[in-house]
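Engineer: Spelled out, the chains give:
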Amino acid sequence: MITMEKMQIDIKKQFNIERLKNILLVVLVFTTILLLYFLWGSKSLEAFIFNDDNEPYEVLSSEQVLVPDQIVLGGGNEDYIVVTDKKEELWKDQVLKTFRDFSKGTNILVEEITEEEYKDAMKYPSIFAKFQYNIPFTDFCKEFDIKQQQGYDNISNMTEIGFSKGSAEGTFIYDGNKKKYYWILGNKALQISDQLDSLFAQQQAIPYFPLKTYLGSESTNDTLVPVESPIAPIPLDYKKDISMEQKNAIEALAQSYFGKTLDFVRTLEETNEKIVYMYGYGQKVLIINPNDGSIEYKEEIKSNNAEQQSMFASLDAALNFIGAHGGFQTMAGEKIKPYLESASPIDDKKNSYQFIFGFECGKNKVFYQDNMPIIIDVKDGQISYFRKELINFDENQAQKNSEEERISAINMLALNYNYISAKAGLETKQDQKELSFEDVANRIDNLYMGYLKPAIKLSTDGTADKEKSLQLVPVWALEVNGVCLYFDLYSGQPKGYSKAY
Amino acid sequence: MKKCILAFILIVSIVFGSISMSFAAVDQDVTIVNPVNGSAITSSSLFLSVKLTQPKTIRVSVYEVRKATGANSSISLGESDMRAIIQGTYADSGSLIYVPLGAGESFTSSNKLSFYTRNLENRSPGVYYIKVDTMYQNKAVYSRKCFVTIKNKEDSKLFDSSQSGTATFLQNLIKSIFN
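Residue numbers (the working numbering), protein chains in the order written: chain A, 2 to 502; chain B, 64 to 242.
Please note that a few of the clues may not be correct.
What the hints assert, rightly or not - Calculated lysine-lysine pairs in the DSS-like style (CA-CA distance at most 30 Å, straight line): (1) B:175 / A:496; (2) B:216 / A:124; (3) B:175 / A:424; (4) A:424 / A:496; (5) B:208 / A:124; (6) A:496 / B:119; (7) B:119 / A:434; (8) A:496 / A:469; (9) A:213 / B:194.
Source of the hints: derived by calculation from the structure; they are not laboratory data.
Full structure from sequences and hints, please.
Structural biologist: In structure tokens, the structure reads:
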């Protein structure tokens, strides 16, 4: 009896062992499959490590950030208005809407025209939207719900788009990449052509004239220059986005990149107060710099994706990444309204883009002497580099105007043409004599007004003076030969220069 | 002999004096860049640009030149009238009246190069006279003058929209096929 019971127990034991073995075998098979999946699929375990239940975040659409650099209204007398008020409305409700409606028409013809013909069109009452970068035209039509007409595929990029009373049935497009000008002709007069005079009159703004009008027959420069400065902002105090006192906030920021536990992440605190978070052997690096209030993130590219990535797909990837990592707002929660300042292929590769975002303070552009507010590189749909340096300022102060007398743009140029020539590298070694004012003026590419955020001066140990108050300075910003030069809006004195993006 | 020398000095001073006077009539450091003297523009605004190549004080006055037709009436002039005024051949110069457009504006430059600019909006067609005086101790010592005609705008089209015909459409269609 005892032997029978013992035998039954032994059999049961044996059965349990066998069952355990089977389970172990199944687990092993699945583990092998999983490991083979990672090995053959070149998949990374990082996705599991950094996978946290993130809170929902706001992602801006490409349509929200794609705003023209300038909307220029032509008065028809070689007088122009560079719109600052309601620029976005004019772009969306007038230019974009008109072109969308226009493209629904039939018998639309695309014709290449000369630069002179294009410039002549601007001399009539007109509206032109000018971007600082080239937008792939086919992608633009797809993204903005514009019907692709026959002949549109002849246009590679769009840098400017506009309408003129000189051709009420037409649309004008400039491709800045190929330096080609197009006239797209429909078969009925556009409604906007009747509104151009009233749009100009409604603005009640300081007129702009081409620089050649100021300088006479010796000049050929069409850069628009206002008769006087249309804005009178006051210097504006600002605070850096990150300081060393915000320990918890800094850690929370790092967690948004590496996961809540910060597993497998090394933290290094440098003597110049920089904090470096590193995963692996530099596969992912986050540098938090309280000296200039910047966040810098670099990520190793995992694979070479041969799939074609359009500019808009890359832009969406960039906007999604920014949204997931704090969005377009400071750590103090101050939201900024961004616009796409620059979009350019990296190393002329079609799948890689660098996007630069800027923002306005009041209605004035903010120029950074060092770096830019937001830079993001997208390679094969993956973010490889991201840098964010935002500032906190009082929006109410930005609305205030000064009563102080301002120097006109033309007199600022006259006062500083030798400085401009030297800093923009216009003088070559062959030139023995100094360049004349007219020579320098002819080389000017663009003129803006706005705020300059001067470079933060660091002490010998690499740290910034915490006591020093920081200010945005109202300036004339001049783009010459790839260099952006800044001059005080009131005195005209040079305030520094930087690379133009 | 003394008389001869005195006469020579007198002749020389008269000759060179007159030359220097003729040079002195205009200030070489002040140039009216825009508008160009004797030009005609089709615009409803008149943009002035004066270039100064030395620190100076100038006073800029703008007048509309009209022809008096009665005690209280006058008419505006045209491009041919302007040319005749510049050449000094205008037949009835006594009837010309200069209607000032506001008070003259003073501008002082303390730099070696500077510009005076002004935009006069809503100008009607006619002949306009711009006078730029170089001031010294509140007195005009030199003067620059410029005449310009504002013409009516002709309603013109940049492109001939007849190009939108069927022939052009077919032409473009063939072009796009072979491109």
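Engineer: Output the numbers, in ascending order, of every earlier hint that fails for this structure.
Structural biologist: none
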